[in-house]
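J.: Please model the complete structure; the sequences and the hints are all you need to start from.
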Amino acid sequence: DQQVKQNSPSLSVQEGRISILNCDYTNSMFDYFLWYKKYPAEGPTFLISISSIKDKNEDGRFTVFLNKSAKHLSLHIVPSQPGDSAVYFCAASRTGANSKLTFGKGITLSVRP
Amino acid sequence: DVKVTQSSRYLVKRTGEKVFLECVQDMDHENMFWYRQDPGLGLRLIYFSYDVKMKEKGDIPEGYSVSREKKERFSLILESASTNQTSMYLCASRTTDREVGGYTFGSGTRLTVV
Numbered sequence: 007d008q009q010v011k012q013n014s015p016s017l018s019v020q021e022g023r024i025s026i027l028n029c030d031y032t033n034s035m036f037d038y039f040l041w042y043k044k045y046p047a048e049g050p051t052f053l054i055s056i057s058s059i060k061d062k063n064e065d066g067r068f069t070v071f072l073n074k075s076a077k078h079l080s081l082h083i084v085p086s087q088p089g090d091s092a093v094y095f096c097a098a099s100r101t102g103a104n105s106k107l108t109f110g111k112g113i114t115l116s117v118r119p
Numbered sequence: 807d808v809k810v811t812q813s814s815r816y817l818v819k820r821t822g823e824k825v826f827l828e829c830v831q832d833m834d835h836e837n838m839f840w841y842r843q844d845p846g847l848g849l850r851l852i853y854f855s856y857d858v859k860m861k862e863k864g865d866i867p868e869g870y871s872v873s874r875e876k877k878e879r880f881s882l883i884l885e886s887a888s889t890n891q892t893s894m895y896l897c898a899s900r901t902t903d904r905e906v907g908g909y910t911f912g913s914g915t916r917l918t919v920v
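Quick note, the sequences are listed as chains A and B, same order.
Counting from 7, one number per residue, gives the positions in the first sequence under our numbering.
Counting from 807, one number per residue, gives the positions in the second sequence under our numbering.
Worth flagging that the hints you see were computed from the coordinates, not collected in a lab.
None of these values were measured; they are calculated from a predicted model.
All C-beta atoms in this analysis are idealised placements derived from N, C-alpha and C, irrespective of residue type, glycine included.
Careful: at least some of the hints might be erroneous.
Unchecked claim - As a list, the in silico SDA-like pairs of lysine to any residue whose alpha-carbon atoms are at most 25 angstroms apart:
| no. | chain 1 | residue 1 | chain 2 | residue 2 |
| --- | --- | --- | --- | --- |
| 1 | B | Lys863 | A | Ser34 |
| 2 | A | Lys11 | B | Ser893 |
| 3 | B | Lys861 | A | Tyr45 |
| 4 | A | Lys106 | B | Lys809 |
| 5 | A | Lys106 | B | Leu851 |
| 6 | A | Lys43 | B | Gly869 |
| 7 | B | Lys861 | A | Asn33 |
| 8 | B | Lys809 | A | Asp65 |
| 9 | A | Lys106 | B | Lys819 |
| 10 | A | Lys11 | B | Lys809 |
| 11 | B | Lys861 | A | Gln8 |
| 12 | A | Lys62 | A | Val84 |
| 13 | B | Lys809 | A | Tyr45 |
| 14 | A | Lys43 | A | Pro88 |
Stated by the list, open to error - Residues from chain A shown here face chain B by an in silico Cβ test under 10 angstroms; the list is partial:
| no. | residue |
| --- | --- |
| 15 | Gln8 |
| 16 | Thr108 |
| 17 | Gly112 |
T.: Okay, structure coming up:
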């Protein structure tokens, strides 16, 4: 049973516009959520995270929103740039020294020049 | 910056071969992980290790084993490689000094089993 779901496999947006990437989770024990970005032939790199005690976290062009009641989070990229074209993975975790991440299937973002 | 190094970027092996994938991290991290990435399936956890000599099964351990004899090295072993183990394999490490997150991934090993 998939605990972290990214239901859209791909998204295409115009450069300069907003990209909104969605993620849903089913495990109510998750209390920390992360987004990773992955280019082909490279490992995933950390992008932004949010704790369940917050509903928004912002870092430059990237903002993550968390709706705990809906078990839904989203990543907003504004403005989108061609270099943002990559696979984005949503991940969730429980707080703890030996915590492990559960990842979604990923979404491929293409930003058109 | 912490570095996670996977010994091979690309590997081609024959069905039935025993395959070793090596991962080394240089920041004294306690936790280490092996994931595989497949199109449409995302990142799935194979095995992880909380510390030296410790190992735990992840979500898809069948056909794999691991070894962690030294803190910096975590090896993934395919006992008898099969074509359905063709995949991108990603190693990661993290420190327990942080309550959450803190993963650093290697660049991956693209394994093809023919």
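J.: Tell me the hint numbers this structure goes against, listed in increasing order.
T.: Per hint list: 3, 6, 9, 10 violated.
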